[in-house]
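Dock chain P against the given chain B, drawing on the hints supplied.
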Amino acid sequence: MIEIVLFAGEFSECGCTNVESIKPLMPALEQGIDVLRGVKKSDILDLFQQYSEDLIKDEAAATIEGVAFIANWLRKSNFNQLVEKNFHTIEYLEAFVGDKKRLKAQPRGIVCHWIAGNVPTLGLFSLFQSMFVGNGNILRVPQKNHDIMRALLNVFSRTIISSGLSGADLLKSVGVIYFDKADARANEELSELADARIVWGGEEAVKAITGLPRRSHCEDLVFGPKYSFVVMDADAAGRSSGDFTRAIRFLASDVILFDQAACTSPHVLFVEKGGRSVQEIGEVLAEEFRKLAKRFPKVGVDQYIMTRIINARAEHALDPSSSVICPKENDWTILIDDKLQLEEPIESRTIFLKEVDSLQDIIPLITRKVQTIGCSVDEKEKLIAFADAATLHGVARCVEFGQMHLYDNPWDGMLVMSRLVSWVTLYYGD
Amino acid sequence: MSELISRDQFAVLQAKKELALLPVLAQQVQDAMAFSPALAKFYSTMGPDPSAYASISDIPPIPVAMFKKFDLKTCPDEEITRVLQSSATTTGTPSRIAINKDTSFRQAKALTSILKGFIGGNRRPMLVIDTENVNKADADTLSARGAAIRGISQFGKTIVYAMDEVDGELFLNADRVAQFQQDHAGEEILVSGFTFIIWTRFVTQATDAGLSLSFAGAKIVHSGGWKKLTAQAVTKEIFSKGVSAIFDVAPENVIDFYGMVEQLGVVFLDCEAGHKHAPDFADIIIRDPYTMEENGPGQSGLIEILNVIPTSYPGQAIITEDIGEIVGIDDCPCGRKGKYFEFRTRVERAETRGCGDTFAERRQDTS
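Protein sequences, first through last, are from chains B and P.
Here the numbering used here runs 310 ahead of the position in the first sequence, where the first position is 1.
Here the numbering used here runs 6 ahead of the position in the second sequence, where the first position is 1.
Wrong hints could be hidden among the right ones.
Said to hold, decoys possible - Calculated from the model, a selection of chain P residues having no Cβ within reach of chain B, i.e. all distances over 10 Å:
(1) V18
(2) L28
(3) P29
(4) V30
(5) T99
(6) L235
(7) V240
(8) T297
(9) F349
Said to hold, decoys possible - Listed below are several chain B residues computed to face chain P (Cβ distance under 10 Å; list not exhaustive):
(10) Y614
(11) I615
(12) L628
Source of the hints: derived by calculation from the structure; they are not laboratory data.
Keep in mind the model is a prediction, meaning the values are calculated, not measured.
C-beta atoms are modelled at their ideal positions from N, C-alpha and C, and glycine is treated no differently.
Only chain B is shown next, with the shape it has when bound in the complex (with noise of 0.2 Å):
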């Protein structure tokens, strides 16, 4: 069974339309994908610009998690930057481009898409890609962020430009649907409509969706289970109070977001030694996080993550050679220890907090599961020595602490926007 929460424009707001199929409904998003492909790139990135002003000014929509991350990366400016990252120019994707031999890029067709439920805001990153570039969507949304999800393209639906474009005249060419993870017919009607394929997800969901039927052209792009780490030089642990202050700040708000589940949260901290000690920083650090803490009450608890909490202090605190910093309450955690080793991620704001003799010696520790490092190196040559032994091991991201949740191109070594369009060609004289 399919639940149905928005389809060729259509919201389902009690989420109790269920359907054996989809099959039957896709006509009428093959009309919306008409209508998509007849808009201007241009009146695109307009209604894009005033989606996320609308997104801000929404009160409801403001409160959700991530929000404030996907309104900034909408703005014309930014998702402009994104365009030409991946075409160039943005002539590419309305005409054919060069002399004689000529280039276009085409949408591919259907784009479907396995969204993960750790970040809620994760599936409109992944729509608004594919459906610049002129493809039809359908998301399979995990049932926790319907809401969420509702809520968000309620307020696109509601955007408007002064040509006239609305987000409800592009919703007609997207379906947000569920079915449980385990429904082999549905996962497989899905895979086999798709030209392009997004699966966000762990191990155990990549592996699943990848092995479904597909379609011989279809391409594929996966999204799977990623680590992020920090790091600081001597220089910047031993920065004036000031400026060392804030960029434990901007670590702290790293941690915080997403509850730490996402592939871009940082779970341990590298110091080198020379700055400040472990444990001052520790003690900076917990300030820090006592802030945030009030500012934004933990939502949401997980028993077994708690559970996982209460063992790693209690582990800390045994051991002779580690330390805990914490409040009673499982909120946030900083454990203190001397092995130089990549942890595993605890979540729910917790974080491993370790003393290197150099960032070189974290190098051995990459692989290519390590998506994020937060780098607080105030030498751009050391910066740029490091970023680039890190990512030669398989690191796709090097960014400055406060910045590793914001979605960029490439994501995961890949310039997402080129992948979801066929470069086609058309030669004839001048």
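For chain P alone, kept in the frame of chain B given last:
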């Protein structure tokens, strides 16, 4: 202390009990801190100085998983007579609990004083639904299954093991059980075993073999393995009905108990009203998993067990990964005093959480 453990249990009102336990437990924590630098570091990091404990809930509980990671002892090695091990079914690593003579003696006394309030004090023929191998007398280590059998076997006059182990699998010895029936027909007997083994091995094989027993006065005491049985949709009611049918006893004579190798000597048996009770020398706290504050009746949370028995390991306050709920205090219809509670479930991992759901990975794993 000895008198507190040995006397008839479930007689002290909760407030009075807590007042009595607090100084004893606080002193035991201080002793543990004096003996072990690791424990001193733990208790001082996670809570106030023991002299400042205002209630037993101020004692920082040690998570049960720490007994898998550390050798937690509060007495010299030369005093340790036995190391108990948990079954290691969930993580693959067993808990290791160091026992000295003093603790072992108290555990036996404590178990007797609890059990006699449920099954009577007289010794009687006992059928163990397990293999004799789990309770080898000469073993330095003892599994949780073995330890439970050994504890309850204090009530056994003659002990017969119903199962044989062949290549690591358990098989019913129907002839031996039939002989036990013949020898003790009409007598009050005691049956004990691991819940999961009783259901998946004994009941299925006894049913297949057409084994029909008649022990109207039998008490069947069982524990452990509910996680797997729940996954098979076997409820306590289904279990009791199925087992009572084999032995021809009333379902209420099938008694589930909650306990763990880390707190041997303290078992929580279902009373006639279906509640589990804390004895006078031990207590239960249900903690909110987030705030870690003590929850009142009707609020579920993590089960913590406090007890004054151990002198060889820090078992004064151990927090489990089980979820339970205090049902009431001092007013159970069965007449027992103190807190009474229900075990709900083990804490389970929620569904996988998406693209951040990964583990740190050693470099050589990815080549």
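How the hints compare with the structure:
1. V18: Given that every Cβ of chain B is farther than 10 Å from that of P:V18, nearest at about 29 Å, it holds.
2. L28: Check passes; 19 Å lies beyond 10 Å.
3. P29: holds (23 Å)
4. V30: It holds; P:V30 is separated from chain B by about 23 Å at its closest Cβ, greater than 10 Å.
5. T99: holds (13 Å)
6. L235: holds (21 Å)
7. V240: Holds, since 22 Å exceeds 10 Å.
8. T297: violated (5 Å)
9. F349: holds (15 Å)
10. Y614: holds (5 Å)
11. I615: holds (8 Å)
12. L628: holds (5 Å)
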